[in-house]
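Chemist: Model the full structure from these sequences, guided by the hints.
Residue numbers (my numbering), protein chains in the order written: chain W, 107 to 384; chain S, 130 to 548; chain H, 67 to 363.
If you are wondering where the hints come from, they were derived from the structure by calculation, not from laboratory data.
Heads up, the beta-carbon is just placed ideally off N, CA and C, and yes, glycines get one too.
Careful: at least some of the hints might be erroneous.
What the hints assert, rightly or not - Computed beta-carbon distance windows for the label pairs:
| no. | chain 1 | residue 1 | chain 2 | residue 2 | range |
| --- | --- | --- | --- | --- | --- |
| 1 | W | Val-363 | S | Pro-181 | 39 to 49 Å |
| 2 | S | Glu-175 | H | Pro-227 | 23 to 33 Å |
| 3 | H | Phe-83 | S | Pro-181 | 49 to 59 Å |
| 4 | W | Leu-183 | H | Thr-353 | 30 to 40 Å |
| 5 | W | Asp-274 | H | Arg-254 | 41 to 51 Å |
| 6 | S | His-180 | W | Gln-159 | 53 to 63 Å |
| 7 | S | Leu-493 | H | Leu-130 | 28 to 38 Å |
| 8 | H | Val-93 | W | Met-121 | 55 to 65 Å |
| 9 | S | Glu-175 | W | Thr-237 | 34 to 44 Å |
| 10 | W | Ile-138 | H | Phe-272 | 56 to 66 Å |
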Amino acid sequence: MTTASTHWMRVLRLMILGLGALLMLFPFFFMISTSFKPQSEVFSAGLSLIPQQWAIIANYSKAMTRIPMLQILANGLIVCASIVFFQILFALPCAYALAKLKFKGREFLFGLVLLGLLVPIHAISIPLYATARYAGILNTLAILVVPFTLSVFAIFLFRQFIKTIPDDLIMAARTDGLSEFAIVWRIILPNAWPSASAFAIFSVVAHWNDLYWPLISVSKMHLATPPLGLLFFRAAEAGDDYGALMAATVLITAPLVLFFLFAQKLFIEGMTMTGLKG
Amino acid sequence: MKKLLATASMAIAMLTSALHAQTVDIVVHYPMPGFFKNVMDQISTEYVKQHPDVKITFANPSPTYEDGLQLMLRQAGTSEMPDVSFIGLNRLRVLAERNVGVDLSSFVKADPTMAAEGYSERLLNLARFNGRQVGLAFATSNPIFYYNADLVRKAGGDPDNMPKTWDGVLALSAKINALGDGVNGMSYRWQGDDWMFSALLFGHGGTMLTSDEKKVAFDGPEGLASFKLIDRMVKEGKMPAMTSDAAVQSFTAGKTGLFFWTTGALRSVINGVGNKFELRTTSMPVIDAQKGRLPTGGNAAVMFTTDPQKQKAVFDFIKFASGAYGASVVVPGTGYVPNNDLAPKDPRYLGNFYKENPLFRAGLNQMELMIPWYSFPGNNGVKVTQTIVDNLAQLVEQKVTPEEALKATSSEVQKLLPR
Amino acid sequence: MTRTDPISRHENRAGLFLVFPTFTLMVLLLILPTLAVFALSLTDAELGSTTFTFLGLDAYSDLLSDRNFLRAFKNTFIYVGLVSPASVILGLMLALLIEAETDARGFFRSIYFLPVVALVVAMASVWQYLMHPSFGPINLFLNIFGIASINWLGSSDNVLPALAIIGIWQGIGFNMVLFLAGLTGINRDLYAAAEMDGAKTAWSRFWVVTWPMLGPTTLFVITITVINAVKVFETVATLTQGGPAKASEVLLWSIYQEGFVFLHIGTASAMAMVFIVVLLVLLLIQTRLLEKQVHYT
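Modeler: Here's what the structure looks like:
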């Protein structure tokens, strides 16, 4: 291959990638641009991205006040963080036991884990809802968290990873007198950190987006998670003020996107790791 | 010393619990925040100002009347249920039949000021079913004819003399459509529920079911004529098949000339149009001058709480919201017509409003044609209206003929009726 | 080592102790609910009412002859069929292009991954604006080239492709990243060996080395994509609510409507069981294919 042709290949490649990038990004461009426009300009014929009149303050303040935006974002943060915390809390010891310890019923338990991978929350939402209703715990932050505390995916993932940890390390800890429980948190967790943080990111992205369970379990606005809050905002705007709606979508999308941009490596490698181990 | 502290803390506890006991917390649920959020906020703020011992919290509003009703049925009997909700007028029947919600008859009888505050028999009847006062009518509406005066002029029409028949409307629509540049002639809001369809059906003098409510009656000549009219809207009037949201957006952007929807959307449409074009409204085209009627849209406030102390507060709030003050907020804030007889006459409330706001008169002028929005019997009311809409969608997309659509609708609805 | 060996007895106890909390959760959040769903599916139970009749397997035959449910089934599979191949193939192509790129690799990787991180419900609202039949930017753009405006979400013919476009847009980045990881795992020596064996062009190198070595990754990507597509819900809930005329009625939406809106939890549970079976079948197909493919390394 001559340098000339590789050069041309590169130009072609960059062009294709560039065009694709534009396709990926154009919804974001329009989202932001529309959020700056006043109502009268939103639905006018013409593909202009720059507004003629700027309505940033009007749109964004509407987005902040029409729904309790800060509270909703806070709810999202609390719920997702709690979910991840409990998921790891429960999954790590279990994964360690499955990976490194011999005990009665180990194969059976692992079979249950595989079975769990099969059953999504949507399928069992009905009895969970009925039980929660009977217990009177609907409309709480707890009910948004509890059904997700069991993550068989986390167990599966951590087990794969822990298997690669050398047994000598564990043996040494045992000789030092550490209990198995202590081993989990003092030895395994630090070693499994990449895997755990990868999973954490995967879980946060999944649960930040979740609409189904919050939709049925919560009916009070102050408990709404971001997707639910946005759905309500849409209903309240009823095709009226698309500029404000776009402002709301910007505000709700921003946290995760900004977090992603700052922690890109962590994100992408995290999702890769979870992917490959599946 | 210990004894002093003990008595002091007990006193404080009793005092705080006494203070707490005085604040009543009402949870309010309502549908269609797009129309009602500002109105609800205003009414509740004013109410709390006048009654500082009451606190009002809002549950998540439901996007439609159907979602609202189903949510209430789902929450019935649980602690999640709100204390009061606003239910679509055609959905009150289900609540009555399932004995959900409080019968307000005793409250109404016990209140001596009802008549003086404008609650006529006609008004109370809107939310009465089989002698049970299911609620108090809060907002009522009828379908009106919105139009873009600029586009009408461009197409050679006269905005001051709009057609009074459907033939005239369809012809005008075709002319507007011919203007090109992505302009649509008309949109008729057949989506969402059966209300606008019933406007055509009742306009022809037809009824939904037979009088014993066992068989479908909309498959008669009136129903067929209604289906055919919708078909003509597409074929002659060039009505496009759009989602309800897209249709509204198209009109408010100035891209659709003629638009048929509830007067309850008026404020929302005015806001959306802004200064883009000259917005006007007028009455619906008349189909049958003798037998023709229009359906009454809207909703009624229904009480759910069974706590006697809360019930007093809730009934008071319901009266406030559906009374003259409420009407003075709802009418300008949405476009719904006043069902309170006192409000339009009294200059304190709406007396001057109608003089100064001609757009709102279209709905007002049609009030004597209003008949109740039909409630289907049985448990499948929501599915029935969904079936009608789904079949209309097929018709509008020109996938079936009016006859086929009518036949399908009729047989499917018949299956959903109680046996 | 005998059973009574103190070490293994200790291990046994420790193991059981560590898994006990998780096992409890499994019983409460997985096993009991699944059994409950199965039990409910055999009845005509309604939420809020305490009486019901036992229908047995009739519940399933009723369901499978329900026109609307079959429609939901069909729609879901059409959606999956539209989203999956495009998502996977485009993801692979992107990964190959980006992998060959040296400097701008990280930059492009981030851009293509951005849709994955954006909130689905939020972006659905944006797409609704983009897809407006009269003046959505997409149609305006098409008009510039003389192509007539398309009624994306309002036409029962176009609504599934429209939703599929949104689904593909959201999913490409994820698949791309998975493929990238798979590509970096391929041993460079294999390429050198292939070239010496006569595979001169990039095209032939791809078929001889890259494609076979990507086997497990590809299979995994396909599985994940298909399963996520079957679980489509957010876009339908936000944009179409199953319409127009049930053209975008999908399995999860049906379950939600039937169970939580119409309160027929018996029927909804039967639908949920069918849903689980569908996922089971898809996973079985994947493991079966996996066994066939992965026999070289």
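Chemist: All the hints need checking, so say for each whether the structure fits it.
Modeler: Each hint tested on the structure:
1. Against the hinted window of 39 to 49 Å, the Cβ-Cβ separation of Val-363/W and Pro-181/S comes to about 44 Å, which satisfies the hint.
2. Look at Glu-175/S against Pro-227/H: about 49 Å separates their beta carbons, and that is not inside 23 to 33 Å.
3. Under the hint 49 to 59 Å, the C-beta atoms of Phe-83/H and Pro-181/S, about 57 Å apart, fit the expected range.
4. At roughly 37 Å, the beta-carbon separation of Leu-183/W and Thr-353/H lies within the given 30 to 40 Å, and the hint holds.
5. Between Asp-274/W and Arg-254/H the C-beta distance comes to about 31 Å, which lies outside the given range of 41 to 51 Å.
6. Checked against the hint of 53 to 63 Å, the pair His-180/S and Gln-159/W fails, with Cβ atoms roughly 42 Å apart.
7. Between Leu-493/S and Leu-130/H the CB atoms are about 53 Å apart, so this pair departs from the stated range of 28 to 38 Å.
8. A hinted range of 55 to 65 Å holds for the C-beta pair Val-93/H and Met-121/W, which are about 56 Å apart.
9. As the Cβ distance of Glu-175/S to Thr-237/W is approximately 41 Å, the hint placing it in 34 to 44 Å holds.
10. Ile-138/W and Phe-272/H have their C-beta atoms about 38 Å apart, which leaves the hinted 56 to 66 Å range violated.
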